[in-house]
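A.B. asks: Each protein sequence line maps, in turn, to chains A and B.
Mapping the first sequence onto UniProt numbering, position 161 (from 1) lands on 161, and the numbers just tick up by one.
Mapping the second sequence onto UniProt numbering, position 172 (from 1) lands on 172, and the numbers just tick up by one.
Hints are all accurate, no fakes.
Note that identical chains are pooled: a pair holds if it fits in a single copy or bridges any two copies.
Pairs of lysine-lysine residues, derived as BS3-like cross-links and limited to a Cα-Cα distance of at most 30 Å, are as follows: (1) Lys218 <-> Lys308; (2) Lys26 <-> Lys218; (3) Lys116 <-> Lys308; (4) Lys414 <-> Lys218; (5) Lys26 <-> Lys73; (6) Lys385 <-> Lys218; (7) Lys414 <-> Lys308; (8) Lys218 <-> Lys297; (9) Lys83 <-> Lys218; (10) Lys324 <-> Lys139; (11) Lys308 <-> Lys139; (12) Lys83 <-> Lys294; (13) Lys91 <-> Lys61.
FYI, nobody ran anything at the bench for these hints, they're computed from the structure.
Because the structure is a prediction, the values reported are computed rather than measured.
Protein chains: 2
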Amino acid sequence: MVLSSFVEVHPDSHFPIQNLPYGVFKPEPSSEPRPGVAIGEYVLDLSVVASAGLFDGPVLKNSDCFNQLNLNKFVGLGRPAWKEARVTLQKLLSATEPTLRDNSSLRQKALVPMVKVQMLLPVVIGDYTDFFASMHHAKNCGLIFRGPENPINPNWFHIPIAYHGRASSIVISGTDIIRPRGQGHPAGTSPPYFGPSRKLDFEMEMAAVVGPGNELGKPVDVNEAADHIFGLVLMNDWSARDIQAWEYVPLGPFLGKSFGTTISPWIVTLDALEPFASDAPKKNPPPLPYLAEKISKNYDISLQVSVKPAGEEDTCIVTRSNFKHLYWTITQQLAHHTINGCNLRPGDLLGTGTISGPEPESYGCLLELTWNGQKPLSLGGSTRKFLEDGDEVIFTGCCKGEGYLVGFGTCSGKILPTPS
Amino acid sequence: MVLSSFVEVHPDSHFPIQNLPYGVFKPEPSSEPRPGVAIGEYVLDLSVVASAGLFDGPVLKNSDCFNQLNLNKFVGLGRPAWKEARVTLQKLLSATEPTLRDNSSLRQKALVPMVKVQMLLPVVIGDYTDFFASMHHAKNCGLIFRGPENPINPNWFHIPIAYHGRASSIVISGTDIIRPRGQGHPAGTSPPYFGPSRKLDFEMEMAAVVGPGNELGKPVDVNEAADHIFGLVLMNDWSARDIQAWEYVPLGPFLGKSFGTTISPWIVTLDALEPFASDAPKKNPPPLPYLAEKISKNYDISLQVSVKPAGEEDTCIVTRSNFKHLYWTITQQLAHHTINGCNLRPGDLLGTGTISGPEPESYGCLLELTWNGQKPLSLGGSTRKFLEDGDEVIFTGCCKGEGYLVGFGTCSGKILPTPS
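Isolated chain A, as found in the complex (with noise of 0.2 Å):
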């Protein structure tokens, strides 16, 4: 028999009882920020569940994990406190379970509308990384820039490569985006130029979100990295193309990404998505023994990106890809950032990079999709070779499960002109 919940939840909500996601929220404009679970169309307080006395287990009872501003305490303890956790919300929100149900007094306190709160940052991001971790874009971006000789560079098949990402820049999910002003190079010996960016791309991630950190000069073992991964959130990675071009040889991004990065406000955890769990792709050459995992595994989940115009009804669709595509697994790249000894904290998030498919209409970005702007897109009524202002971009992702669905909601921002 199918768990169910005494909440009602519609068949394509992503937040049924087998998913169970953490973010943090506002009940009201004046509240105080707090951890809380979604439900179907509620988000359950958890500091109003730890108050009632309702987290009995011998981790969690006498922790003040639930009544902080965010979840980088709760994180950080790790999976027994995780387990535990899940086990006890899924048994206070189970259908047969009177606790909740019965006390309505505690019920209206406890399980406020969705549509009502404010969603803020689940964890405090000491530090962002952000891995380049599918093959396809990796060759896309090869073919584009340098051309069909040796398209994706020889590292690349020996290490998960990533750069250290801006922190202070990253939103939440509906947090409009700026324009950034930026320099851009025509070709050639021309100067360069000075305005606001011209190619302004989404990039469609996703993104771990670290539990507990290791010490300094302590790498984490391959085998056991799934143990400081909470879960993951979507993320777009917004990139301006041409300040990206110019600038980043030979030190990588850095203005082309750091205006902003978008998270979705629910952490699904690493627990809700093991029924979804899919073999990675072989790997050849195969890995340095560092990297070699006993079980090495992607999610199933499902991935689309749309473009909603400005003043347009409808959203377009413009990408549909999966994060089973990725080449370097979510361990496989925790264990690469901590061989050198780098130390990861609770709350630090790792983003995958552009996942894309293998095919043309599972690219992850425009610049794949429009082959840096060769190629634009149809979106209904226009065209796009990249982001123009007032589009509204919308990304969502969910695993399919028999009868229901662990989802991720959606992680969305819409393009504000650059202030002149």
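Knowing the structure of chain A, use the given hints to seat chain B on it.
C.D. replies: Chain B only, in chain A's frame:
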């Protein structure tokens, strides 16, 4: 007449009353961290000064900025607070002022011998950015890795090139550095090797500590950028050259840098450095308008690196350089960083990149000094291509005033072997 303090200050001290750099310290191992100012061989405990009601100016009178575990709140208050604190402290410590001088019980509480305290990171660093602002360094790296044709990339003369660094692994001077493991690549089509880095290096840098930040989407004007910089520290951006060389294409340095970055504990304010301002190098081509500052200045800060091999008594000076050699000023760096709307926050760190001078004996890292290991450096009894286990690397820097120094103390770290 030269300003002097009732606290005895040796003429060779880096910390006369003209300096008054800020740090965070613990007077006893069990104490809470608190802000302090260095004066001679003492640390003035600012929490004691504040509790005694001696910050009586309009900005600081009712502030709790010195009853904090770090300096973030104080540096975020901006120049009016910094000016007021400097006036208050220079008066309080002056030879002619009785308030502290003649109050032995307050003096005993407020002035702690420097040898007794433990220094900590002075600020919580939200984001750390590292620039590449020395032309001599950029040129030498280009000559070593790409050869004599166009050693400096065309973008370099238009953009203060930078990358996002890793904030979590920034440590305070005196912290041991564990030799990182990672992948390197011999040459050609050979597979990569894996193990302890064979090319461990220091990079002599300085870093600006950001004061008030800016809102996302609101760039800082280059002529107002100095109001966003509290002061400078010494910084050693330890680098594993073999890891870096293999990983950095196309997204820049990652694990070759993120195993550790050391900063000196005392932040020397721009106010203390002002008497040592020097004209920045003329720029050709002229920078774009957003980088064209009315007054373009560096500071005349003599920098020196020594190495002390394990078991040896003596240190050996390996290079002498100067902050005044920077091509892109720290205000240009900051203005560029925000031109795309990227938000800075109080306590963020902006590294200058390796500061190399024009002469071979002023190069700022072993990569340049030994020309990538081709010309080993003599260290008294031994030679070095790169750093060996047990080597202690000590940076120091100071400005020479008339009869006094304004210095940074030291920034040091010792290499420990990779654990097996």
